[in-house]
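Peer 1: First to last, the protein sequences are chains A and B.
Residue numbers for the first sequence, in our numbering: 1 to 260.
Residue numbers for the second sequence, in our numbering: 1001 to 1282.
Simulated from the structure, these hints should not be mistaken for laboratory data.
Don't take every hint at face value.
In silico negatives: residues of chain A with every beta carbon more than 10 Å from chain B [what the hints assert, rightly or not]: (1) Asp112; (2) Leu154; (3) Lys176; (4) Leu192.
When the alpha-carbon atoms are kept at most 30 Å apart in a straight line, the in silico DSBU-like pairs for lysine-lysine are as follows [claimed, not checked]: (5) Lys1162(B) with Lys171(A); (6) Lys144(A) with Lys167(A); (7) Lys232(A) with Lys1083(B); (8) Lys251(A) with Lys1083(B); (9) Lys176(A) with Lys1162(B); (10) Lys206(A) with Lys1057(B); (11) Lys1162(B) with Lys232(A); (12) Lys176(A) with Lys1166(B); (13) Lys1166(B) with Lys1083(B); (14) Lys206(A) with Lys1104(B); (15) Lys1034(B) with Lys171(A); (16) Lys1124(B) with Lys176(A); (17) Lys1057(B) with Lys167(A); (18) Lys25(A) with Lys239(A); (19) Lys1166(B) with Lys1104(B); (20) Lys176(A) with Lys1180(B); (21) Lys176(A) with Lys1057(B); (22) Lys1104(B) with Lys167(A); (23) Lys206(A) with Lys1205(B); (24) Lys239(A) with Lys1057(B); (25) Lys232(A) with Lys162(A); (26) Lys1057(B) with Lys162(A); (27) Lys1104(B) with Lys171(A).
Far from chain B, by Cβ distances over 12 Å, these chain A residues were calculated [to be verified]: (28) Leu5; (29) Val14; (30) Lys25; (31) Met52; (32) Pro63; (33) Gly80; (34) Ile99; (35) Tyr116; (36) Val135; (37) Asn137; (38) Val141; (39) Ala174; (40) Glu224.
Small disclaimer: the values here were computed from a predicted structure and weren't measured.
Where is the CB? At the ideal position from N, CA and C, for every residue including glycine.
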Amino acid sequence: MGTTLLQEAWAVEVGSREPWAEDSKLYQPIEETQAQCNEKAQSLAVQSYLRMCGLDHVVEQRPNAEFISPTGSVPVLQCGSFVLADLDSIVGFVASKGICLTSNLSAAENADHAAYFSLVQTVFDNAELYFSWVVPNGYEVTWKRYGSVYPWPLSDILPWSKRRAVKRAIKDWADKQERDVLEEIDSCLFALSERLAEREWFFGSKPTELDALVFGHLYVLAGESDGTPGSKVSSLIRKYDNLMNICSRVKNTYFKGSLT
Amino acid sequence: MELSIWRGEWGLGSVSIECLEALVYSKIVQAVQKIHVRKYVFSSDMSPWLWVSSSGKSVVGASSIISYLKSENLDADCNLTQKERADILAYKNMIKYKIAPALKYAMWCDERNYCEVIRPTFAKIYTFPSNYSMPGRLQRAALLEAWGRFGECATPNEMETKLNRKARECMTALSERLGKSSYFFGSKPTSFDAYVFAYLSLIVKTPLPNASLNGHLNTFSNLVEFESRIHNRFVASEVRRRAAGRTRPEWVGVVLSLSFAASVMFSYAIVKGILHIDFKTE
Chain A
1 MGTTLLQEAW
11 AVEVGSREPW
21 AEDSKLYQPI
31 EETQAQCNEK
41 AQSLAVQSYL
51 RMCGLDHVVE
61 QRPNAEFISP
71 TGSVPVLQCG
81 SFVLADLDSI
91 VGFVASKGIC
101 LTSNLSAAEN
111 ADHAAYFSLV
121 QTVFDNAELY
131 FSWVVPNGYE
141 VTWKRYGSVY
151 PWPLSDILPW
161 SKRRAVKRAI
171 KDWADKQERD
181 VLEEIDSCLF
191 ALSERLAERE
201 WFFGSKPTEL
211 DALVFGHLYV
221 LAGESDGTPG
231 SKVSSLIRKY
241 DNLMNICSRV
251 KNTYFKGSLT
Chain B
1001 MELSIWRGEW
1011 GLGSVSIECL
1021 EALVYSKIVQ
1031 AVQKIHVRKY
1041 VFSSDMSPWL
1051 WVSSSGKSVV
1061 GASSIISYLK
1071 SENLDADCNL
1081 TQKERADILA
1091 YKNMIKYKIA
1101 PALKYAMWCD
1111 ERNYCEVIRP
1121 TFAKIYTFPS
1131 NYSMPGRLQR
1141 AALLEAWGRF
1151 GECATPNEME
1161 TKLNRKAREC
1171 MTALSERLGK
1181 SSYFFGSKPT
1191 SFDAYVFAYL
1201 SLIVKTPLPN
1211 ASLNGHLNTF
1221 SNLVEFESRI
1231 HNRFVASEVR
1241 RRAAGRTRPE
1251 WVGVVLSLSF
1261 AASVMFSYAI
1271 VKGILHIDFK
1281 TE
């Protein structure tokens, strides 16, 4: 943990001199049987961001992706000799190579972009963690999936300790009632929908990190099947037509049939 | 309507962020007739109270106070468009998750700041005997929160760097959004101005020895000017009034201590039998 700051600074400093490695790899947990909702969303956001920038990468599924990561969060990008996690640091790293999706925005637009980016990141990330780790019937599914890659005593112990850690990390959310969480998500969706209005992308005429992040979260949340705690969120999302449109727009433009 | 808030120090309207927000908002809409500074403080709950004398109702917490005042037609945000309201939600969220943790860390978790400034001040604010226990309890809560976020093995230096970097990102965005205008949205102050002011004011005015957060803020001159503009317009009169009301004439202290010493000596003399008083009924 103590070295992540240094690693990041080093990646930005030294990485800027090297071109994008063609054989870059993106590590994520096994999507079918292991990954949680928030991990899937983050991974999808990073993938769509890299596709928007036109950077080649291969997605690899590893059961221990969480432990490859320098910060403990997934997905992990390996580009040449650099290892980075989180959309934030990946965006910074790509920007150091001179590729930036927000460079043609004005200063005020950049400020708004940062605000919405942080809104989407905190609200959806915390809500996804809440529904998979805090809510009892969500945790029933989560502990099976999270423990599925470990042998027996570990498959019980690790989900339990992870749940404690998550509850500590999102303390102000973990104390909330489910109704309040849904309300918070709805107000966030409403704000996004107002901001997007009838335009194609959130800022300017081209997609930005925000579009990638919104797509990642909304696509995963809207795809939650019935009966799971997340299904209440997906019915909230379906109310906003323009947000559903932007999801299908990103999917059709950048994923061309590779997503089911 | 009467508002009850925590006391201010260091020239602040109040040491609690929530109280400061409620104070500024109630001044913006000119709703509150009287502002009380809580004299006896025992709990860790730093929220303001609004006492509505007409209905005998009390409202607790800055956000509930503001929504109550809005429902009473005292709405500073009525001229905002839906898009601006959406922007406000996004900016508020960014402040809550980027500036607030950094400020909390700087005040409560930084060892030097806590020992030299925060603990003595809060010990003064709290009423005996909670002045011994409550500052420590608040610090433990803040430390647990920071450890929960970064894991228990994170070094203080690393946590501070990360939090300050995020706070700086947020300040950059706020500064760009504010630009050269007097208020964030439109030409009149809104509830968002009250919200931002509460955080900025605490960062500017708390005299912390390790003032890295303040240093970051000082590079954005328009935010600092915004803070002093709101302070002078809405809070300064309150601070002055309180400073004037609080000073006690010097002789009161002298008389009190003299009379205490005299009564102790007198009772000692009576108990030891040096002095003898007889009450005779004739």
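Peer 1: If a hint holds in the structure, say so; if it doesn't, say that too.
Peer 2: Here is what the structure says about each hint:
Annotated as non-interface, aspartate 112(A) brings its C-beta within 10 Å of a C-beta of chain B; the closest such distance is 6 Å. Against chain B, the non-interface label of leucine 154(A) holds: every CB pair exceeds 10 Å, the least being about 20 Å. At the 10 Å boundary, the C-beta of lysine 176(A) stays outside the reach of chain B, the nearest C-beta of that chain being 14 Å off. Not every CB of chain B lies more than 10 Å from the CB of leucine 192(A), the least distance being 7 Å, so the non-interface label is violated.
A distance of roughly 19 Å separates the Cα atoms of lysine 1162(B) and lysine 171(A); the hinted pair therefore holds under the 30 Å criterion. The suggested pairing of lysine 144(A) with lysine 167(A) holds, with an alpha-carbon distance near 18 Å, which does not exceed 30 Å. Under the criterion of a C-alpha separation no larger than 30 Å, the hint pairing lysine 232(A) with lysine 1083(B) is consistent with the structure, at around 26 Å. Between the alpha carbons of lysine 251(A) and lysine 1083(B) the distance comes to roughly 26 Å, so the proposed pair stays at or under 30 Å and holds.
A threshold of 30 Å between alpha carbons decides the hint, and for lysine 176(A) with lysine 1162(B) the separation of about 26 Å falls inside it, so the pair holds. For the given pair, lysine 206(A) sits about 52 Å from lysine 1057(B) by alpha-carbon distance, which is inconsistent with the 30 Å threshold. Note on lysine 1162(B) and lysine 232(A): the hinted pairing is violated, with a Cα-Cα distance of about 34 Å set against a maximum of 30 Å. At most 30 Å may separate the alpha-carbon atoms for a hinted pair to count; lysine 176(A) and lysine 1166(B) meet this at roughly 25 Å.
Note on lysine 1166(B) and lysine 1083(B): the hinted pairing holds, with a Cα-Cα distance of about 25 Å set against a maximum of 30 Å. With a CA separation close to 38 Å, the supplied pair lysine 206(A) and lysine 1104(B) exceeds the 30 Å bound. Proposed proximity of lysine 1034(B) and lysine 171(A) is contradicted: the alpha carbons are some 36 Å apart, above 30 Å. Between lysine 1124(B) and lysine 176(A), the direct Cα distance comes to roughly 33 Å. Violation of the 30 Å bound is thereby established for this hinted pair.
Between the alpha carbons of lysine 1057(B) and lysine 167(A) the distance comes to roughly 35 Å, so the proposed pair goes past 30 Å and is violated. A threshold of 30 Å between alpha carbons decides the hint, and for lysine 25(A) with lysine 239(A) the separation of about 36 Å lies outside it, so the pair is violated. For the suggested pair lysine 1166(B) and lysine 1104(B), the alpha carbons sit about 13 Å apart, so the restraint of at most 30 Å is met. A distance of roughly 39 Å separates the Cα atoms of lysine 176(A) and lysine 1180(B); the hinted pair therefore is violated under the 30 Å criterion.
A C-alpha spacing of about 25 Å is found between lysine 176(A) and lysine 1057(B), which places the hinted pair at or below 30 Å, so the restraint holds. Taken as a hint, the lysine 1104(B) and lysine 167(A) pair is honoured in the structure, with Cα atoms around 20 Å apart against an allowance of 30 Å. Annotation: proposed proximity of lysine 206(A) to lysine 1205(B) is violated, straight-line Cα distance about 42 Å (limit 30 Å). Between the alpha carbons of lysine 239(A) and lysine 1057(B) the distance comes to roughly 37 Å, so the proposed pair goes past 30 Å and is violated.
Distance hint between lysine 232(A) and lysine 162(A) is fulfilled; the C-alpha atoms sit about 24 Å from each other, no more than 30 Å. Under the criterion of a C-alpha separation no larger than 30 Å, the hint pairing lysine 1057(B) with lysine 162(A) is inconsistent with the structure, at around 44 Å. For the hint linking lysine 1104(B) to lysine 171(A), the alpha-carbon distance of about 15 Å falls within 30 Å, and the restraint holds. Its beta-carbon lying about 6 Å from the closest one in chain B, leucine 5(A) breaks the requirement of being farther than 12 Å from that chain.
Look at valine 14(A): its CB is around 19 Å from the nearest CB on chain B, clear of 12 Å, so calling it non-interface holds up. At the 12 Å boundary, the C-beta of lysine 25(A) stays outside the reach of chain B, the nearest C-beta of that chain being 26 Å off. The claim that methionine 52(A) lies off the interface holds: its Cβ sits roughly 21 Å from the closest Cβ of chain B, which is beyond the 12 Å cut-off. Under the 12 Å C-beta cut-off, the non-interface status given to proline 63(A) relative to chain B holds; the minimum distance is some 22 Å.
Look at glycine 80(A): its CB is around 25 Å from the nearest CB on chain B, clear of 12 Å, so calling it non-interface holds up. The Cβ of isoleucine 99(A) sits about 20 Å from the closest Cβ of chain B, beyond the 12 Å cut-off, so the non-interface label holds. Under the 12 Å C-beta cut-off, the non-interface status given to tyrosine 116(A) relative to chain B is violated; the minimum distance is some 5 Å. Even its closest Cβ contact with chain B, about 19 Å, leaves valine 135(A) beyond 12 Å, as expected for a residue assigned away from the interface.
Residue-level check passed: asparagine 137(A) sits 24 Å from the nearest beta carbon of chain B, beyond 12 Å. Listed as a non-interface residue, valine 141(A) keeps its Cβ farther than 12 Å from every Cβ of chain B; the least gap is roughly 24 Å. Its closest Cβ contact with chain B, about 10 Å, brings alanine 174(A) to no more than 12 Å, contrary to its assignment away from the interface. For glutamate 224(A), the non-interface assignment is confirmed: its Cβ lies about 23 Å from the closest Cβ of chain B, beyond the 12 Å cut-off.
This entry does not satisfy hints 1, 4, 10, 11, 14, 15, 16, 17, 18, 20, 23, 24, 26, 28, 35, 39, going by the numbered hints stated previously.
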